[in-house]
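Going down the list, the sequences are from chains V and Z. Residue 183 in my numbering sits at position 183 of the first sequence; the count goes up by one each step and never skips. Each number in my numbering corresponds to the 1-based position in the second sequence with 204 added.
Please note that a few of the clues may not be correct.
Derived DEER-like restraints, expressed as beta-carbon distance ranges [said to hold, decoys possible]:
hint, chain 1, residue 1, chain 2, residue 2, range
1, Z, Ala223, V, Gln184, 32 to 40 Å
2, Z, Ala230, V, Val35, 17 to 25 Å
3, V, Pro156, Z, Ala329, 34 to 42 Å
Calculated cross-link-like contacts (lysine to any residue; reagent style SDA-like; alpha-carbon spacing at most 25 Å) [claimed, not checked]:
hint, chain 1, residue 1, chain 2, residue 2
4, V, Lys124, V, Ser113
5, Z, Lys281, V, Ala87
6, V, Lys124, V, Ser165
7, Z, Lys272, V, Gly82
8, Z, Lys243, V, Lys124
Just so you know, the hints here were simulated from the structure itself, not pulled from any lab data. Where is the CB? At the ideal position from N, CA and C, for every residue including glycine.
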Amino acid sequence: MEANPGVVARARSPIRQWLSGWGFSQWWKAIVAVVLASTALFGGLDTVDTGVTTFKPGDEFSDGEFTVKFERAALMPEVRAGSRVIAKEKPGRRYLAVLAVVRNDGTVPGQLSREVDLRNQPDKVAVDQFRFSDSSRIATIGPGLTEQIAFVWELPQDALSVGDSVTLRIWKKQFRQTMVSYGQTWLDSNTDYGETVIPVGSPR
Amino acid sequence: MRLRWHGLRSMAPALAVTAAIAAAAALWHNLPEPTDIYKPFDVHAAVGQQATGHGITAIVDGVRIGPKVHTVSPPEKTVQSVGTWVVVDAAVASTRDFGLPRTELIVGPNTYGPSDRFFLTALGAELQAGITQRGSWAFEVPPDLVAAGADPISLRVWMNDERLDSRIVVTIPLDDQHVSRDDVVTLEPVRKAAK
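With the rest of the complex left out, here is chain V (with noise of 0.2 Å):
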């Protein structure tokens, strides 16, 4: 039976019989050249860029919101401000209480609760933030002012000794428009952050 030559042609377009001369590595550039042109379409791929700054108890530490110094750490069984107890002694826990100096570098109330990012503990509780000079607990702190704070966490009783050492994290942050919520906001960066390790004392 013979073929139908009208068929024939109206399938063989140009642009079919260019592609159908095409081999594995014609096709497999062509997909990287899609991906590409299309990545670059909508901005382009993200810089990995793992921006980690280590520095040293005492030092001064920007995240792009807060300026932090952290000055000392201590375990205690309780904390207390003077006679008055802020977390009580609990059978099998006890507290990490790190003492910095916070600067808030931006133009809005800065949120502390999440400031200081204690690695390797597990079964950390974070308990508060307290002023040092009253034990006053704080949320925030506004534009320009700077507080020395208490930031305290519960930790398993054999978690930490005096001695021992903790690392601590504050992730670089940059201010934005939010995307749920209504406002602008601090973001953490996914990938950048200040690290410092510090010796664990006892209260003075």
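Got chain V; can you put chain Z on it based on the hints?
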């Protein structure tokens, strides 16, 4: 010629989809910010002038600035600032419904919220329609930003959620006529009265 047109026609859906996605991406990157779309409608007033917005009314009586605040209602205490205290004396009322009054102080390029050290003494408790609350908000700011002769500051007040709603904005010049300066500023308890 007929064959070339046929080839282009078979590519048309892919080209149309690419163009639509490119246009959508360009639009996405140039959308107005949510803070522009939903921003509140400001109602401006001066110190001593009653301002009325949708659901809220407020008047700023004056401002007191000092390094220490003393609260007279229990627990009585004197609190030293790491900067200085800006205490705004005001009266605020809801005109339609109950709700929480929100406030912030604009000082130069900065925004300050009321201090969390005087929650029990300062303004900020829930408002009931028709009941005026007269008291103060205390803000902690760097002293140089509110020194004599510095630029005016602004108090913003609104109810619950400011989006697409009224926001009262009171401009406060930092001169002797509008501001008193003392070493200790006394924070009186909030007084309530029917209008």
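Right, here's what the structure says about each hint:
One distance hint, 32 to 40 Å for the beta-carbon pair Ala223/Z and Gln184/V, holds here, with the actual separation near 33 Å. Remark: the range hint 17 to 25 Å for Ala230/Z to Val35/V is upheld by a beta-carbon distance near 20 Å. Range check, Pro156/V to Ala329/Z: about 40 Å between beta-carbon atoms, so the 34 to 42 Å window is met. About 14 Å separates the Cα atoms of Lys124/V and Ser113/V, which keeps this hinted pair within 25 Å; it holds.
Restraint check for Lys281/Z and Ala87/V: satisfied, since their Cα atoms lie roughly 22 Å apart, inside the 25 Å limit. Taking the CA atoms of Lys124/V and Ser165/V, the gap is near 15 Å; set against the 25 Å cutoff, the hint holds. This hinted pair checks out: Lys272/Z and Gly82/V have alpha carbons roughly 22 Å apart, not beyond 25 Å. Note on Lys243/Z and Lys124/V: the hinted pairing is violated, with a Cα-Cα distance of about 40 Å set against a maximum of 25 Å.
Going through the hint list in order, the structure does not satisfy hint 8, though it satisfies all others.
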